[in-house]
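J.: Sequence:
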Amino acid sequence: MHEELENFERNHVWDLVEPPPNYHPIGTKWVFKNKQGEDGMVVGNKARLIAQGFCQKEGIDYEETFAPVARLEAIKILLAFAASKGFKLQQMDVKCAFLNGFIEEEVYVRQSPGFESAKFPDQVYKLRKALCGLKQAPRAWYARLKSFLLKSGFFTEQMSKEFEMSLMGELQFFLGLQIKQGLEGTFVHQAKYTRDILKKFNMGDSKPMTTPMSTKTALDADEDGEAVDQKEFRGMIGSLLYLTAIRPNIQFAVYLCARYQASPRTSHHQAVKRIFRYLKFTIELGLWYSSGSSLSLRGFSDANHGGCRIDRKSTSGTCQLLGTSLVSWSSRKQASVALSTTEAEYVAAASCCSQFLWMKATLSDFDLRLQVEGVDNALIKGGLRANGPASLLSWCDE
1 MHEELENFER NHVWDLVEPP PNYHPIGTKW VFKNKQGEDG MVVGNKARLI AQGFCQKEGI
61 DYEETFAPVA RLEAIKILLA FAASKGFKLQ QMDVKCAFLN GFIEEEVYVR QSPGFESAKF
121 PDQVYKLRKA LCGLKQAPRA WYARLKSFLL KSGFFTEQMS KEFEMSLMGE LQFFLGLQIK
181 QGLEGTFVHQ AKYTRDILKK FNMGDSKPMT TPMSTKTALD ADEDGEAVDQ KEFRGMIGSL
241 LYLTAIRPNI QFAVYLCARY QASPRTSHHQ AVKRIFRYLK FTIELGLWYS SGSSLSLRGF
301 SDANHGGCRI DRKSTSGTCQ LLGTSLVSWS SRKQASVALS TTEAEYVAAA SCCSQFLWMK
361 ATLSDFDLRL QVEGVDNALI KGGLRANGPA SLLSWCDE
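In full-length UniProt numbering, the protein residues as written are 1 to 398.
Hints were generated in silico from the structure; no laboratory data involved.
All values derive from a computational prediction rather than experimental measurement.
Even for Gly, the Cβ is constructed at its ideal location relative to N, Cα and C.
A couple of the hints might just be wrong.
Stated by the list, open to error - Listed next, with one range per pair, are the computed distances between beta-carbon atoms:
#: 1; residue 1: Phe-366; residue 2: Lys-216; range: 40 to 48 Å
#: 2; residue 1: Ala-221; residue 2: Leu-89; range: 44 to 52 Å
#: 3; residue 1: Lys-333; residue 2: Lys-33; range: 36 to 44 Å
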């Protein structure tokens with residue numbers, strides 16, 4: 001706690017002043033957390049002083065709050081690119097990142113509990129910089145970091161002069177992803193996260209299954225079925241959704257079950273539990289990005305026709321590879337009802353091409369100008385000759 005307050009003083013976060021008239025200062029609170037490593041062991045203890053941002057009023061205490069975050073596909077592209085080139089990724093951390101962001105509004109907070117000033121117990125702190133818990137804190141940090149990087153470039157030495165940094169060594173654990181870098185490639189998995197959610201939902205001792213869903217499963221609204229706890233069902237779906245970032249083999253099953261969160265029934269709950277039982281059988285599965293892989297782009301798309309038994313909308317499935325490395329995939333219901341199998345396939349192919357355009361733009365940040373090698377559609381062998389790789393490639397180029 002003393003170290004946290006020293007960070008406030010070192011970063012010149014606030015000034016102790018008289019409270020302004022007709023203004024209710026925002027409260028503060030201490031939050032304590034154990035920091036865990038990739039093996040689940042406690043590697044440190046944290047004490048954070050946060051502002052009670054739920055008391056803030058829009059237009060008075062804050063304006064804009066949006067702050068962009070990295071897409072997981074971008075992180076996987078970086079991992080695949082580094083593996084193909086034989087690069088070793090290192091990890092570093094900005095200490096107390098939010099305390100570096102400047103805020104434009106006049107914001108006052110109460111003194112930290114347990115550390116009130118003996119001389120001025122009735123005074124409050126006027127913030128110069130953002131504080132964890134404020135609604136505009138992420139945006140303020142993003143604006144500060146963006147302006148610095150555009151001005152100075154991303155170099156460790158210059159970063160260390162501007163911000164207090166800690167080098168964490170080789171990248172091993174990031175946003176719940178466990179990363180093992182070797183000479184032959186990089187392996188990315190979420191074994192720890194999988195064990196955590198199995199324990200959370202009491203599925204750790206369940207009987208394993210070899211597939212996430214039966215080929216005979218046909219879920220619908222099941223209005224006559226027995227209702228189940230909606231909160232628990234949504235929690236299970238939410239936990240599985242994050243796991244689909246590394247596990248494409250459960251994507252379709254999870255998204256199919258997610259359609260029934262508004263009114264889940266026993267049949268939906270059993271389908272979700274089967275996914276957990278499959279995870280119990282495949283905890284260590286993950287993605288392999290091999291070294292020396294080519295950097296060409298290739299994708300696949302497919303679609304069913306009228307697969308949803310409620311509104312008869314089709315489901316698109318796509319995946320995109322960087323060389324031999326799978327970096328992006330999707331399985332989602334189409335926005336409109338397709339009138340034919342051909343239309344459903346075209347919608348899926350268009351979705352695949354749209355993702356390619358984003359990937360090409362992202363790879364340009366690596367100073368790479370890649371051409372799409374091809375997009376394969378499942379209907380080529382089924383007789384839809386007009387929708388071959390050549391025509392789909394022209395879509396991407398245009």
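J.: Give a verdict on every hint.
T.: Structure-based check of all given hints:
no.	hint	in the structure
1	Phe-366 with Lys-216: 40 to 48 Å	holds, 45 Å
2	Ala-221 with Leu-89: 44 to 52 Å	holds, 46 Å
3	Lys-333 with Lys-33: 36 to 44 Å	holds, 38 Å
Hint check: no violations occur; every hint is consistent with the structure.
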